[in-house]
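Visitor: Now for the letters of each chain:
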Amino acid sequence: MPSKEENPYRPIEAQVLEVIPETPTIITIRFRPKELMEFRTGQFVAITIPGSGEAFFTPSSRPSVKEIMEVTVMKVGKVTSKIHLLKPGDIIGVRGPLGNGYPTDKFKNREVLVVGGGCGFAPIRSLMYTLFEMRGELKNLIFRGGCKNPRELVYKNEISEWPKQHALDFKITVDKSEEGWQGNVGLVTTILENLEMDCPGGIAIVCGPPIMMKFVTLKLLGLGFKEDNLYLSMEKNMSCGIGKCGHCRLGTYYCCKDGPVFTYNQIKNFHELWD
Amino acid sequence: MLDKLGDDFLVYAPVKKGRQRYYQPYRSLDKNITLGEVRPFEPMKAFFSRARETIARDFRPEMPEDGKKPFCIVGVKACDLKGFKVQDHVFRNHDYPDPFYLKARRDNLILSCDCTCAIDTCFCLALGIKPYPQEDYDLNLSPIAGGFILEIGSTKGQGVVDKFSALVSQAGDSLLKEKETLRSNMIKQVEKNIEENSIPDQTRYKQIIDKNYDASLWQDEAKTCVECGACNTICPTCHCFLLYDQKDEKNMDRLRIWDSCLIKDFARVAGGANPRKKLWMRLRNRFEKKFDYFPKVAGVYACTGCGRCISACPAKIDIRRILRKLVDLTV
Numbered sequence: 000m001p002s003k004e005e006n007p008y009r010p011i012e013a014q015v016l017e018v019i020p021e022t023p024t025i026i027t028i029r030f031r032p033k034e035l036m037e038f039r040t041g042q043f044v045a046i047t048i049p050g051s052g053e054a055f056f057t058p059s060s061r062p063s064v065k066e067i068m069e070v071t072v073m074k075v076g077k078v079t080s081k082i083h084l085l086k087p088g089d090i091i092g093v094r095g096p097l098g099n100g101y102p103t104d105k106f107k108n109r110e111v112l113v114v115g116g117g118c119g120f121a122p123i124r125s126l127m128y129t130l131f132e133m134r135g136e137l138k139n140l141i142f143r144g145g146c147k148n149p150r151e152l153v154y155k156n157e158i159s160e161w162p163k164q165h166a167l168d169f170k171i172t173v174d175k176s177e178e179g180w181q182g183n184v185g186l187v188t189t190i191l192e193n194l195e196m197d198c199p200g201g202i203a204i205v206c207g208p209p210i211m212m213k214f215v216t217l218k219l220l221g222l223g224f225k226e227d228n229l230y231l232s233m234e235k236n237m238s239c240g241i242g243k244c245g246h247c248r249l250g251t252y253y254c255c256k257d258g259p260v261f262t263y264n265q266i267k268n269f270h271e272l273w274d
Numbered sequence: 000m001l002d003k004l005g006d007d008f009l010v011y012a013p014v015k016k017g018r019q020r021y022y023q024p025y026r027s028l029d030k031n032i033t034l035g036e037v038r039p040f041e042p043m044k045a046f047f048s049r050a051r052e053t054i055a056r057d058f059r060p061e062m063p064e065d066g067k068k069p070f071c072i073v074g075v076k077a078c079d080l081k082g083f084k085v086q087d088h089v090f091r092n093h094d095y096p097d098p099f100y101l102k103a104r105r106d107n108l109i110l111s112c113d114c115t116c117a118i119d120t121c122f123c124l125a126l127g128i129k130p131y132p133q134e135d136y137d138l139n140l141s142p143i144a145g146g147f148i149l150e151i152g153s154t155k156g157q158g159v160v161d162k163f164s165a166l167v168s169q170a171g172d173s174l175l176k177e178k179e180t181l182r183s184n185m186i187k188q189v190e191k192n193i194e195e196n197s198i199p200d201q202t203r204y205k206q207i208i209d210k211n212y213d214a215s216l217w218q219d220e221a222k223t224c225v226e227c228g229a230c231n232t233i234c235p236t237c238h239c240f241l242l243y244d245q246k247d248e249k250n251m252d253r254l255r256i257w258d259s260c261l262i263k264d265f266a267r268v269a270g271g272a273n274p275r276k277k278l279w280m281r282l283r284n285r286f287e288k289k290f291d292y293f294p295k296v297a298g299v300y301a302c303t304g305c306g307r308c309i310s311a312c313p314a315k316i317d318i319r320r321i322l323r324k325l326v327d328l329t330v
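The listed protein sequences derive, respectively, from chains V and Z. Note that numbering that gives the first Met the number 0 has the first sequence beginning at 0, numbered continuously upward. Note that numbering that gives the first Met the number 0 has the second sequence beginning at 0, numbered continuously upward.
Among the hints, a few may not be true.
[As the list claims (entries may be wrong)] In silico DMTMM-like cross-links for lysine to aspartate or glutamate, where the CA-CA straight-line distance does not exceed 25 Å: (1) Z:Lys249 - V:Glu12; (2) Z:Lys15 - Z:Asp2; (3) V:Lys256 - Z:Asp119; (4) Z:Lys68 - V:Glu5; (5) Z:Lys102 - Z:Asp244; (6) Z:Lys276 - V:Glu34; (7) V:Lys86 - Z:Glu134; (8) V:Lys256 - Z:Asp247; (9) V:Lys163 - V:Glu21; (10) Z:Lys205 - V:Glu271; (11) V:Lys74 - V:Asp174; (12) Z:Lys295 - Z:Asp209; (13) Z:Lys176 - Z:Glu134; (14) Z:Lys295 - V:Asp227; (15) V:Lys77 - Z:Glu287; (16) Z:Lys30 - Z:Asp2; (17) Z:Lys324 - Z:Glu248; (18) Z:Lys277 - V:Glu21; (19) V:Lys256 - Z:Glu134; (20) V:Lys256 - Z:Glu195; (21) Z:Lys68 - Z:Asp119; (22) Z:Lys210 - V:Glu66; (23) V:Lys138 - V:Asp227; (24) V:Lys267 - Z:Asp209; (25) V:Lys225 - V:Asp197; (26) Z:Lys210 - V:Glu21; (27) Z:Lys84 - Z:Glu41; (28) Z:Lys129 - Z:Glu177; (29) Z:Lys246 - V:Glu34; (30) V:Lys33 - Z:Glu41; (31) Z:Lys222 - V:Asp174; (32) Z:Lys263 - Z:Glu226; (33) V:Lys81 - Z:Asp244; (34) Z:Lys288 - Z:Asp213; (35) Z:Lys246 - V:Asp89; (36) V:Lys86 - Z:Asp247; (37) V:Lys256 - Z:Glu41.
The set of hints was computed from the structure by calculation and includes no laboratory data. Here the structure is a predicted model, which means the values were calculated and not measured.
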């Protein structure tokens, strides 16, 4: 977050270093903010396209790399369409980091399950980098990922290397198969069966589209995960990112300043939870 | 006194036009300046977070300066001052204070005034407010025959009194008694409003949203709503805004403009999902924010009983009626 004396609405200038295509609708941009901007995994930033406005993303990059940040962006609206037109050398703005990240200290000496879906792979990649760095302090690490079809799978080449490089129980699935796909087919809940971990004592982190999070949450509760150990990343319309503009209210919280990561216990009784 | 205050402030005072009062730049010869009577048409919040203001320029860290003097707002009523309970919570007391609001709160001068009449939409007493200011002012004016009784509410207010000490003298008991009589008469007028419209008191608002979240009243009440957002802009407690960027050849400006939770896209995300697709859900959200969210997070109902939303609504959606229905359904 910006320091309290500063103008919390101004973006910091940043230069685009690289644009990496991920899928037909998703790119990753690497950029260097002109002022150091350290973030904890799970915190988010606002990217400004000068004159066009802001959009919010959780960096998909390694928090321990401090000078350069990456965000993975699906083309869905006005600002994201402009982001898709960026070229190396272009100037953008970045504001943040905003919100609270994952409480990774609480994961130490625990068994950890990470479930990502679709665009939720972006924050999850950053989280996985962090968990790999602290892998020695985790009792177990399991990754389950799902997306619509093989074409929509981001970081394809990279994540297939994860189980080779790290002690990781790894499975991914696609809702609908296509030619050349040899992996699992089915919703992500189908690869949550027979987890080799102590679910009631474990930590679960879920990030993905609302419908996926809803069914994964129900599944995980059924497996015995505790409501306090189930971490969800909530997505709402945001404008200010600092709990003032009123857009991202979820019950008695604002997604931006109180989240975006919540335990299921914190938010389970709120209306509009999965809407 | 107001002429002199103009050296340091942009002085705004309520001016009566037709049946309404509007905050206008103070001109000493204006015969229609009305310090007493009832709340002006516009909410006072407009002097603390402007309807549209530039809050960042390019990548510069400093706040854009407009070079204008602070405001001196005269004739502010108690219902508007209660708005500070909400606005302060959002812009001042939160984790990240808003520097623009802080500056306005620090520099603006508030010369409030007792109400001297009630209009039929007034119901401040139901929200625990009296029709005369009790806090959050710099100086309060209580109109009496031939002048005003001043009360000092802050060191800023004390400074003004010190500066104009030639114009003030200690009020005697008979004048203070006159003030009290006028004040209790005012209370009676608002009590009459509350009784005639059967407006429930805030002590009965507990759980009115939770218990009636799925009630059909939301659909019924939203039927006539035209989604204009007037209820939001006119409300002393509504604070929502939108950041809006624009650019010319030279500069990139970030503006903050008031937003309205009744507008369809208020909570819509870029991917298209909208938790409040239907108008009635957005109307319910407005009430949820006022009567569930703010009491839970700030210990205050985000309504001041000023009645502005009732007058402003082209669809005749009446907060008094909705509160009555909610309370009746809850019992």
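Visitor: Is Lys163 (chain V) close enough to Glu21 (chain V), meaning Cα to Cα at most 25 Å?
Guide: Holds, at roughly 21 Å.
Visitor: Within 25 Å, alpha carbon to alpha carbon, are Lys295 (chain Z) and Asp227 (chain V)?
Guide: Status holds; Cα separation ~22 Å.
Visitor: Can the restraint linking Lys102 (chain Z) and Asp244 (chain Z) be considered satisfied, given a maximum Cα separation of 25 Å?
Guide: Holds. Lys102 (chain Z) to Asp244 (chain Z) sits at ~22 Å (cutoff 25 Å).
Visitor: Please work out if Lys295 (chain Z) and Asp209 (chain Z) have their alpha carbons no farther apart than 25 Å.
Guide: Holds: Lys295 (chain Z) and Asp209 (chain Z) sit about 12 Å apart, inside 25 Å.
Visitor: Is the straight-line distance between the alpha-carbon of Lys210 (chain Z) and that of Glu66 (chain V) 25 Å or less?
Guide: 51 Å, violated
Visitor: Taking 25 Å as the top limit, are the C-alpha atoms of Lys33 (chain V) and Glu41 (chain Z) close enough?
Guide: Not satisfied, since the Cα-Cα distance of roughly 43 Å exceeds 25 Å.
Visitor: Taken at face value, is the distance from the CA of Asp119 (chain Z) to the CA of Lys68 (chain Z) at most 25 Å?
Guide: 36 Å, violated
Visitor: Would you mind confirming whether the straight-line C-alpha gap from Lys288 (chain Z) to Asp213 (chain Z) stays at or under 25 Å?
Guide: 16 Å, holds
Visitor: Is it true that the CA of Lys246 (chain Z) sits at most 25 Å from the CA of Asp89 (chain V)?
Guide: Holds, at about 16 Å.
Visitor: Would you check the hint for Lys138 (chain V) and Asp227 (chain V), treating anything up to 25 Å between C-alpha atoms as holding?
Guide: Holds, at roughly 19 Å.
Visitor: Need the status of pair Lys324 (chain Z), Glu248 (chain Z): alpha-carbon distance at most 25 Å?
Guide: 55 Å, violated
Visitor: Given the hint that Lys210 (chain Z) pairs with Glu21 (chain V), does the C-alpha gap stay at or below 25 Å?
Guide: 47 Å, violated
Going through the hint list in order, the structure does not satisfy hints 3, 6, 7, 8, 15, 17, 18, 19, 20, 21, 22, 26, 30, 31, 37.
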